[in-house]
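Engineer: The sequence shown lines up with residues 463 to 1037 when you count with the numbering used here.
Misleading hints may appear alongside valid ones.
Claimed, not checked - Calculated pairs, DSS-like style, for lysine-lysine (alpha carbon to alpha carbon, straight line, at most 27 Å):
#, residue 1, residue 2
1, K566, K588
2, K873, K884
3, K805, K920
4, K776, K490
5, K602, K495
6, K512, K652
7, K601, K652
8, K632, K652
9, K512, K529
10, K1027, K800
11, K776, K495
12, K637, K588
13, K602, K554
Claimed, not checked - Restraint-style ranges between C-beta atoms, simulated for each label pair:
#, residue 1, residue 2, range
14, E1012, E898, 37 to 47 Å
15, K637, K602, 37 to 47 Å
16, E553, K478, 48 to 58 Å
17, D823, L740, 15 to 25 Å
18, S955, E557, 31 to 41 Å
19, E483, Y619, 40 to 50 Å
20, N972, K563, 17 to 27 Å
21, S854, K563, 36 to 46 Å
22, N972, E696, 29 to 39 Å
23, A801, K563, 44 to 54 Å
24, F741, D823, 17 to 27 Å
25, I749, K879, 47 to 57 Å
26, N535, F741, 26 to 36 Å
Hints listed in this document are in silico derivations from the structure and should not be mistaken for laboratory results.
The beta-carbon is built from N, C-alpha and C at its ideal position, and this holds for glycine as well.
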Amino acid sequence: MILQFNIEDKYGYKEKISPEEIVSFTKKNGFKKLVVFARDGWGRAFYKSKIYPLHPSVDQDFIEKLKQLCEVNGIKLVLMVAHTSNKYLCEKYPEIKQINKDGKPICLDTKIIEEIEWPLACLNSKFKEIILKEIDEAKKYTNALMLDSFRYQPEEYRQCFCENCKKEYKKQFGKDLKPSSEINEEYFNKMFWRYKVVIERLKEIKQKNIELIYNSHPAGWNWRNNTIIELGSEYIDVVFAEASETDFTPLGFLSLITKLNKDLSKKEVWTSRNLFHLFNTSKYPGIDQVSLNAFEILFSGGIPLFTIFYSTFKADGNKIDLKELNTHLEIAYSELSKAQPYKEIGIVFSNTTRDYMGYKDVKLYLNDIRGFFYSLYYNNYQINFIGEKNLSEIKNYDIVILPSFACITEKQAEIIKKHCDKTRIIATYNTSLFDEYRMRENFLLSEEFGCSFKTISKKTFYLDTLYPQGDLIIVEPNSNKYVLKNIYNSKYSNGYEYVLGMSSPPKDENIISYITGNRIIYIPFQLGSYLYKYGYCEYEKILFELIQKEPIVKCNQNIRIFVFKKNNSLFLGII
463 MILQFNIEDK
473 YGYKEKISPE
483 EIVSFTKKNG
493 FKKLVVFARD
503 GWGRAFYKSK
513 IYPLHPSVDQ
523 DFIEKLKQLC
533 EVNGIKLVLM
543 VAHTSNKYLC
553 EKYPEIKQIN
563 KDGKPICLDT
573 KIIEEIEWPL
583 ACLNSKFKEI
593 ILKEIDEAKK
603 YTNALMLDSF
613 RYQPEEYRQC
623 FCENCKKEYK
633 KQFGKDLKPS
643 SEINEEYFNK
653 MFWRYKVVIE
663 RLKEIKQKNI
673 ELIYNSHPAG
683 WNWRNNTIIE
693 LGSEYIDVVF
703 AEASETDFTP
713 LGFLSLITKL
723 NKDLSKKEVW
733 TSRNLFHLFN
743 TSKYPGIDQV
753 SLNAFEILFS
763 GGIPLFTIFY
773 STFKADGNKI
783 DLKELNTHLE
793 IAYSELSKAQ
803 PYKEIGIVFS
813 NTTRDYMGYK
823 DVKLYLNDIR
833 GFFYSLYYNN
843 YQINFIGEKN
853 LSEIKNYDIV
863 ILPSFACITE
873 KQAEIIKKHC
883 DKTRIIATYN
893 TSLFDEYRMR
903 ENFLLSEEFG
913 CSFKTISKKT
923 FYLDTLYPQG
933 DLIIVEPNSN
943 KYVLKNIYNS
953 KYSNGYEYVL
963 GMSSPPKDEN
973 IISYITGNRI
983 IYIPFQLGSY
993 LYKYGYCEYE
1003 KILFELIQKE
1013 PIVKCNQNIR
1023 IFVFKKNNSL
1033 FLGII
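Take the sequences, apply the hints, and build the full model.
Structural biologist: Shown next as structure tokens:
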């Protein structure tokens, strides 16, 4: 298992740091890999660098000694490099700063106290040459290098409009790079260009012949970085799924992001569990919480990476004893390496739909994904993801769900049609209704759904009409034989707590839409979003009626079962 030891403290919490105490802690707790900074987000090196000043809390041979101690103790050293936050370089070369549409520096700081601590350097500036030199320095100590925070974001409020970007964009496209005044093809082209910038830098870094570990921030940055690991997977050796959100997300979150990153990238995934609580970084959360999360990661196909801050190490390091846990994890990992996860239900995840449909609010798409995942997870179904680039994997599953898979090409539609007679496929809401951001007149899968698109109910005039969002899509059955369930209007609006008799309004007699099914079952609303936001058992009842399949292993929701196939046998991971 892996320890990430982060020294991130400008304000003097730490004293002089020795390589011996770090390696001693690593060995004592049974870790086989150690991840540390070669250079931090302030631009300070932990070795004698020709580019950066030395970190004030270490000697210039810190990394060299760390390397030697790791080799003696059988620990693999991984160095974090090329952090796009770099205060030293941004002050030395102000022209490399990422600049937003308002002309202000883009930074990592969530709250600026006195001054910007973590300004971001632009990947189109001369910073791109400097990080290659930084990598040359770091690879003298180890060939395994991690891009822990490699940020050049496509999100509108995080987009860079510095002179370097403007020059590069003009060179490539012959157009000026300006903030978009309207949502059109050019708006999305600029967004997707920013992904390509990151992937091009990954390609250049990989040409240094290193083992490249890339932090995907799977649930950060509005989940958009999952595009990088899908499109740039050929340059990435290991995906690091940083999961800082664990302490305020539902049980199952670690499984979701681990499976998502593994299934999109087809690479080894390291998923993090902090050895501190996110809202109190000097305090260890305890072995029970850490163990539960570690096995959730492992049984989901990832390798647990435990992150500790130096402040945690100093305050609570004596309370941390992970030797026994790591022994159990290693035994389980050895068994899992010979097995494959049992494939019961696949959920299609579309980065393209997330960007087009969720260009302003990704929750419009993601909540439909999350609701299906968590509901199935808590009911012990075996779930994996299918990336939009790998739709032929549909054939490997008994059941596949297409949650709001709006943006489907004709080629993708043909793949889905090819497999829908052998695999039970369930689609929701606007699936196949869009070609990128252009709305079709009808579903591309209309024949398979057994219905045709009419309109979207209850959308209001102030909602953006590029991707109309409503409560319900109104459909017309292609034949009555395809109608599975009727959907009615309610007689009046939902009431409130003190309005007696109005909390659950009855239906009126007007059928307004239908759940249909010819070769694919179609649900005209975001069932997953309702499951995620409200969780009513009535919604799960609809889901399980349409699935028509019990999980391969049944038990109560206090136990989570992960099923694996090994030769001709099944074996279980139990939490």
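Engineer: Do N972 and K563 keep their Cβ atoms within the hinted range of 17 to 27 Å?
Structural biologist: violated (47 Å)
Engineer: Could one say that the CB atoms of K637 and K602 fall in the range 37 to 47 Å?
Structural biologist: Since K637 and K602 have Cβ atoms about 42 Å apart, the given range 37 to 47 Å holds.
Engineer: Given the hint of 48 to 58 Å, is the C-beta distance from E553 to K478 inside that range or not?
Structural biologist: Violated, since E553 and K478 (Cβ atoms, about 25 Å apart) do not stay within the stated range.
Engineer: Taking 44 to 54 Å as the hint, is the beta-carbon distance of A801 and K563 inside that range?
Structural biologist: Given a distance of about 50 Å, which is inside 44 to 54 Å, the answer is holds.
Engineer: Does the structure keep K873 and K884 at a Cα separation of 27 Å or less?
Structural biologist: Cα-Cα ~19 Å, so holds.
Engineer: Check the hint pairing K632 with K652 against an upper bound of 27 Å on the C-alpha distance.
Structural biologist: holds (12 Å)
Engineer: When you check the alpha-carbon spacing of K602 and K554, does it fall within 27 Å?
Structural biologist: holds (26 Å)
Engineer: Below or equal to 27 Å on CA atoms is what counts here, so check K1027 against K800.
Structural biologist: Judged against 27 Å, a Cα distance of about 9 Å means the pair holds.
Engineer: Verify the proposed pairing of K776 with K495, using a straight-line Cα cut of 27 Å.
Structural biologist: Given that 27 Å is the threshold and the Cα spacing comes to 21 Å, the pair holds.
Engineer: Going straight from one Cα to the other, do K776 and K490 come out at no more than 27 Å?
Structural biologist: holds (16 Å)
Engineer: Using the Cβ atoms, figure out if D823 sits within 15 to 25 Å of L740.
Structural biologist: Roughly 24 Å apart at Cβ, these two residues keep to the hinted range, so it holds.
Engineer: Can you confirm whether the C-alpha distance between K566 and K588 stays at or below 27 Å?
Structural biologist: holds (19 Å)
Violated hints for the displayed structure, listed by number in ascending order: 3, 6, 7, 16, 18, 20 and 22.
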